[in-house]
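Make the full structure from the sequences, and use the hints.
There are 2 protein chains.
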Amino acid sequence: MSGAVAIVGLGPGRETLVTPEVREVVAQATDIIGYIPYVKRIAARAGLTLHATDNRVEIDRATHALTLAQQGARVVVVSSGDPGVFAMASAVFEALEAQPQFASVEITVLPGITAMLAAAAAAGAPLGHDFCAINLSDNLKPWPLIEHRLRLAAQADFAMAFYNPRSGSRPHQFGQALEILRAECGSERLITFARNVSHPDQRLNTVTLGDATEEMADMRTVVLVGNSATRRIGKYVYTPRSAL
Amino acid sequence: MSGAVAIVGLGPGRETLVTPEVREVVAQATDIIGYIPYVKRIAARAGLTLHATDNRVEIDRATHALTLAQQGARVVVVSSGDPGVFAMASAVFEALEAQPQFASVEITVLPGITAMLAAAAAAGAPLGHDFCAINLSDNLKPWPLIEHRLRLAAQADFAMAFYNPRSGSRPHQFGQALEILRAECGSERLITFARNVSHPDQRLNTVTLGDATEEMADMRTVVLVGNSATRRIGKYVYTPRSAL
Numbered sequence: 004m005s006g007a008v009a010i011v012g013l014g015p016g017r018e019t020l021v022t023p024e025v026r027e028v029v030a031q032a033t034d035i036i037g038y039i040p041y042v043k044r045i046a047a048r049a050g051l052t053l054h055a056t057d058n059r060v061e062i063d064r065a066t067h068a069l070t071l072a073q074q075g076a077r078v079v080v081v082s083s084g085d086p087g088v089f090a091m092a093s094a095v096f097e098a099l100e101a102q103p104q105f106a107s108v109e110i111t112v113l114p115g116i117t118a119m120l121a122a123a124a125a126a127g128a129p130l131g132h133d134f135c136a137i138n139l140s141d142n143l144k145p146w147p148l149i150e151h152r153l154r155l156a157a158q159a160d161f162a163m164a165f166y167n168p169r170s171g172s173r174p175h176q177f178g179q180a181l182e183i184l185r186a187e188c189g190s191e192r193l194i195t196f197a198r199n200v201s202h203p204d205q206r207l208n209t210v211t212l213g214d215a216t217e218e219m220a221d222m223r224t225v226v227l228v229g230n231s232a233t234r235r236i237g238k239y240v241y242t243p244r245s246a247l
Numbered sequence: 004m005s006g007a008v009a010i011v012g013l014g015p016g017r018e019t020l021v022t023p024e025v026r027e028v029v030a031q032a033t034d035i036i037g038y039i040p041y042v043k044r045i046a047a048r049a050g051l052t053l054h055a056t057d058n059r060v061e062i063d064r065a066t067h068a069l070t071l072a073q074q075g076a077r078v079v080v081v082s083s084g085d086p087g088v089f090a091m092a093s094a095v096f097e098a099l100e101a102q103p104q105f106a107s108v109e110i111t112v113l114p115g116i117t118a119m120l121a122a123a124a125a126a127g128a129p130l131g132h133d134f135c136a137i138n139l140s141d142n143l144k145p146w147p148l149i150e151h152r153l154r155l156a157a158q159a160d161f162a163m164a165f166y167n168p169r170s171g172s173r174p175h176q177f178g179q180a181l182e183i184l185r186a187e188c189g190s191e192r193l194i195t196f197a198r199n200v201s202h203p204d205q206r207l208n209t210v211t212l213g214d215a216t217e218e219m220a221d222m223r224t225v226v227l228v229g230n231s232a233t234r235r236i237g238k239y240v241y242t243p244r245s246a247l
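Residue numbers (the working numbering), protein chains in the order written: chain L, 4 to 247; chain Z, 4 to 247.
Please keep in mind that the hints were generated in silico from the structure rather than gathered at the bench.
For every residue, glycine included, the Cβ atom is placed at its ideal position computed from N, Cα and C.
One should not assume that every hint holds.
[As the list claims (entries may be wrong)] As a list, the in silico DSBU-like pairs of lysine-lysine whose alpha-carbon atoms are at most 35 Å apart:
1. L:Lys144 x Z:Lys144
2. L:Lys144 x Z:Lys238
3. L:Lys238 x Z:Lys238
4. Z:Lys144 x L:Lys238
5. L:Lys144 x L:Lys43
6. Z:Lys144 x Z:Lys43
7. Z:Lys144 x L:Lys43
[Stated by the list, open to error] Quick list of simulated restraints, FRET-style, between CB atoms:
8. L:His54 x Z:Trp146: 48 to 58 Å
9. Z:Gln104 x L:Glu191: 49 to 59 Å
10. Z:Asn208 x L:Ala106: 18 to 28 Å
Below, the structure written as structure tokens:
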């Protein structure tokens, strides 16, 4: 007997951003697995076991999900945002690849509203032209690779979205990222700091790169950098569809 | 008296991907404006006017929305996917910037599930590391800029998502894009063609760049290209979270 794992995105926080298909698979689940603040969003009910963990080792969490599913459980792994964007989906496939005994477990991924798109919508349309998404954490890649990507993204004139821009364990790397961006894009380029996107205390702050400081970002912030044509119109920030 | 414009994303097609807040704003609307196939997804009801148009000039559609709102209507502009990703949000802000008489119209953007994330979820997790999104249409930008971005994106080792990869009016540019990708990434790199994502006739086809041909894409296809670490595990395609 083999159960199934669904890896789902709860969106960035506002409950009206959770898709109906994610609601439905959660309603059918026997087990919910995820990081504490995401599992907290799931209502308790009879027949459902909530496995909230503060374990930062996503592979362990993924292996737990596969183990329960192989025993017949209907497991839902919850991420915030979209599970395929810097979240649990890749971790589950890594665990599957490393442990062939789970090959028969059926895995589905259900998309969600990822933070950068909720932030962009709240600001206007800063990602309205070609763009890239970069995780600024160097937990899983070397910092020089991140710097390399920032330079090439600027040279491509991509709008950019940064996840995990700054944490207590690496408070100064984001300042280095800002230095690179100022050198490549100039000091007039617009940058938006979107904190707690879609939560009641959401805060948006758009400044120029010249005025941006590293303290404007923390781990609850998504950062959006415009391309060379991004501009303000009234209270909105947007990037035109066309480019020269 | 001034009404409002909400620019909303209906997701790529499957109704269970439409967020509750989009459903709600549609339920409150007096006027729906959009390209015919998207307006067709909205149920008719008393008090609601459906303005379906095959006009390819998005600025005209945006101006129509702003005009109705200024007259007091509650207008919803519908896009497929996410309205901020190669869709109507930027067009409305362009129209607003060009026509200051609409400055008092309240505009909100409600995010949606964009095609690349639904395609990625259906395939596994090919966008599980840093990635970029490029519109391959040269309607609004010169083709050499697209080639430039493709080369830099490959050099940054981004996974990539391509919108509008190929149309009847430019059948051979996508072949040129594939040539650039083969030269930059090698022939073993994985590429996924996701057609009619989330519709009943969804079709996924993952091949190597060496085996990819331009006929594999059309305007209903989202194309995902892996980074140097993207691989298959069973029937899934995924990109690990880590990079060297």
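The hints, checked one at a time:
1. L:Lys144 x Z:Lys144: 33 Å, holds
2. L:Lys144 x Z:Lys238: 27 Å, holds
3. L:Lys238 x Z:Lys238: This hinted pair is violated, its Cα atoms lying about 46 Å apart.
4. Z:Lys144 x L:Lys238: Measuring from Cα to Cα gives roughly 27 Å; hence the hint holds.
5. L:Lys144 x L:Lys43: At roughly 30 Å apart (the allowed maximum being 35 Å), L:Lys43 and L:Lys144 satisfy the hint.
6. Z:Lys144 x Z:Lys43: 30 Å, holds
7. Z:Lys144 x L:Lys43: Judged against 35 Å, a Cα distance of about 45 Å means the pair is violated.
8. L:His54 x Z:Trp146: 48 to 58 Å: 51 Å, holds
9. Z:Gln104 x L:Glu191: 49 to 59 Å: 28 Å, violated
10. Z:Asn208 x L:Ala106: 18 to 28 Å: 22 Å, holds
Comparing the model with each earlier hint shows violations of hints 3, 7, 9; every other hint is respected.
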